[in-house]
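Undergrad: Protein chains in written order, with my numbering: chain L, 1 to 273; chain R, 1001 to 1366.
By construction, these hints were calculated from the structure, which means they are not laboratory data.
Do not rely on the hints blindly, as some may be mistaken.
[Unchecked claim] Computed from the model, here is a short list of chain R residues facing chain L with C-beta under 7 Å: (1) 1046; (2) 1359; (3) 1362.
[What the hints assert, rightly or not] Below, simulated DMTMM-like cross-link-like pairs (lysine to aspartate or glutamate); rule was C-alpha separation at most 25 Å, straight line: (4) L:169 x L:197; (5) R:1094 x L:108; (6) L:169 x L:3; (7) L:169 x R:1198; (8) L:169 x L:196; (9) R:1094 x L:112; (10) L:169 x L:144; (11) L:151 x L:108; (12) L:151 x L:172; (13) L:130 x L:172; (14) L:169 x L:226; (15) R:1094 x L:147; (16) L:151 x L:138; (17) L:151 x R:1198; (18) R:1094 x L:197; (19) L:169 x L:138; (20) L:130 x L:107; (21) L:169 x L:184; (22) L:151 x R:1092; (23) R:1297 x R:1155; (24) L:169 x L:147.
For clarity, every value in this text was computed on a predicted model and none was experimentally measured.
For every residue, glycine included, the Cβ atom is placed at its ideal position computed from N, Cα and C.
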Amino acid sequence: MAEPMVVVDDLHVVYRVYGAGGDRGTAATTLLRILGRKRRASIREVHAIRGMSFVAYRGDAVGVIGRNGSGKSTLLRAIAGLLPPEQGNVYTAGEAALLGVNAALLDDLTGERNVILGCLAMGMSRQEAKDRYPGIVDFSGVGEFIDLPMKTYSSGMGSRLRFAIAAAKSQDILLVDEALATGDAEFRVKSHNRIEELRADAGTVFLVAHNLEEVELTCNRVIWMERGRIMRQGEDVISIIDEYIATSGGAPIMRDPVTRARIKAQTAEAAKS
Amino acid sequence: MSQTKTPLRGRLAARRSPDSGRLAGPGSLLTSDVGVVAPDAEGQLLAEYALEHGLRPSAQRPSVWAYIRQLWRRRYFMISFATARNVAMYTEAKLGQLWQVLTPLLNAGVYFLIFGLLLHINRGIPNYLGFLVTGVFVFNFTQRAFISTSSVMTDSLQLIRALQFPRASLPLAYVMIELQQMLLAIAVLIPILLLTGEPVTWYWLLAIPALLLQTIFNVGVGLLSARLGSQVNDFSQLLPFLMRTWLYVSGVLFSIATVSSNFKVVALLELNPAALYITLTRNALMATQRESAPGSKPYNKALCNIWHTLGHKKGAPEKYQTLSAYCHYVGANPAHFWYYAAGWAVLALVAGFWFFWRAETRYGRG
């Protein structure tokens, strides 16, 4: 019997944005608004997820695809328990960890401090954090820059370090939000393998990516989102991705079997070494 | 296989808002349900199915005890976070960490210049410089705990959205930073007190429980302020005014007893937490304060009258200034100050913790 790891039940997520404009923003207009007991025009509600339901099981790697702004990252944050649902609920078995490019830590601190702080925040003991430290730095490939403040890092270096920190701990549910998009080719192979490893220990992986080939290679299930709703989902990964490409007007993926075999062999090779 | 899912989807759609029902409506692109719903979830609602398999809501608030345990596990996180913030605060300044000591010194200097030398309000207070500096430092500790924590949740939004950890560790770390600053301020204060002629006595040890109670109180207000600051955007605009008012009513710059002759007003001001912690610290560290506090010696009408006629004047000799000890205390009974101070600390901690914990899952919303 398949063991459910994530159950999303009629999930709605709403962001409230202050200062969204609309008001002329002078003291006089604000006073008139308050006196007239009108609602603040500059609060706007953004309904990012509008009722999603699905179940993911142990061993699943679920790819989440869709256009920018379709709610993919919001979905992952809600699964991680970082954004409270407006309606409905997300149920998880165990802890969920989110790996994302936007998961900035403390920019004015050095990489070194960020590594230690990140580990401690994830609930590691001091000894554990110290033990993991060389591995994390090594994996990130940041090298000598580790003792510089993170704000001086290039975006690629920053996201590599963040990925390395967040991936240091095995989790029950792993949520990967385009963390692989910024790295160079070598780092992508490394991180791909790390995800495979974590998936083996973890149980369930969610992968948000614009790189559809990455999704095809990694995932056994796809959810295609459109404006906060599910357009299609299922295990026929290839047909869903093809349909998504067709509606978004992109170039179809060339599924040359030789190339795919080569990519798979490469990643397997890198995993061994 | 996909036909067997229809009853569940139908029930889900029927139960739900029209919005999500539309999803399964005609013309929907939702064509494949394979693997979406477990075979044994047949005819069951998703929520029941999830709970049956031991899944928990991801944004669920832990119980108070579980939350305290989680916080305890993150103690090293809080310490390193506090240290890291402290280091980062002054890295861009040339004088660097020296500012940790310079800031309280300059603070005391400014107040002494204005209130001690220009406005002459030191009437009747022996060792006014020591009185002032102690008051400024102690008040500053609580004020900083209030102000810095009011922005901690918005400042750390990225961290909150990235990692799952008990959110109270952030305001707690900020209060730790302020405690560290306070200890440095005390290191500056002690030479000032010695230079102004205060003797070293066993009473100095009483400063430790006073500081401890104040720290507990500050943790409470820090948690309170962190939630208010994250949810009420106007709070941080209002805070400086509240703090300045609090400063003036807490006897930092002048003795509360001189503010009013109304017993009730004086008692009210004396029992406000900032005034209590200031008074307790002053009484611990300053013999001049301890020995001149009205009511600290048996009532003696003659000596009290001397104070009233001569002692409270500006520039009066110190032997007359301290005669106020022989008068009746005005306001609250100083013998009960420790109980009130402890009461405020416990009240603030419990209320602040509870108030912060209630919103635990909502801080990521920003």
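Undergrad: Taking the closest Cβ pair, is residue 1046 of chain R under 7 Å from chain L?
TA: holds (4 Å)
Undergrad: Regarding the pair residue 169 of chain L and residue 226 of chain L, is the alpha-carbon distance no greater than 25 Å?
TA: Violated. Residue 169 of chain L to residue 226 of chain L sits at ~32 Å, over the 25 Å cutoff.
Undergrad: Taking 25 Å as the top limit, are the C-alpha atoms of residue 169 of chain L and residue 1198 of chain R close enough?
TA: violated (55 Å)
Undergrad: Given the hinted pair residue 169 of chain L and residue 184 of chain L, is their alpha-carbon gap at most 25 Å?
TA: Answer holds: residue 169 of chain L to residue 184 of chain L is near 23 Å, not above 25 Å.
Undergrad: Against the 25 Å threshold, does the CA-CA distance of residue 130 of chain L and residue 172 of chain L hold or violate the hint?
TA: Cα-Cα ~23 Å, so holds.
Undergrad: Holds or violated: residue 151 of chain L and residue 172 of chain L, Cα atoms, limit 25 Å.
TA: It is violated: about 31 Å lies between the C-alpha atoms, which goes past 25 Å.
Undergrad: Has the given pair, residue 151 of chain L with residue 138 of chain L, been kept, meaning a C-alpha gap of at most 25 Å?
TA: holds (20 Å)
Undergrad: Holds or violated: are the alpha carbons of residue 169 of chain L and residue 144 of chain L at most 25 Å from each other?
TA: holds (23 Å)
Undergrad: For the pair we were handed, residue 1094 of chain R and residue 108 of chain L, check the Cα-Cα distance against 25 Å.
TA: holds (16 Å)
Undergrad: Check the hint pairing residue 151 of chain L with residue 108 of chain L against an upper bound of 25 Å on the C-alpha distance.
TA: At roughly 6 Å apart (the allowed maximum being 25 Å), residue 108 of chain L and residue 151 of chain L satisfy the hint.
Undergrad: Is the straight-line distance between the alpha-carbon of residue 169 of chain L and that of residue 3 of chain L 25 Å or less?
TA: Holds. Residue 169 of chain L to residue 3 of chain L sits at ~22 Å (cutoff 25 Å).
Undergrad: Taken at face value, is the distance from the CA of residue 138 of chain L to the CA of residue 169 of chain L at most 25 Å?
TA: holds (15 Å)
The structure is inconsistent with the numbered hints 2, 7, 12, 14, 17, 18, 23, although it conforms to all the rest.
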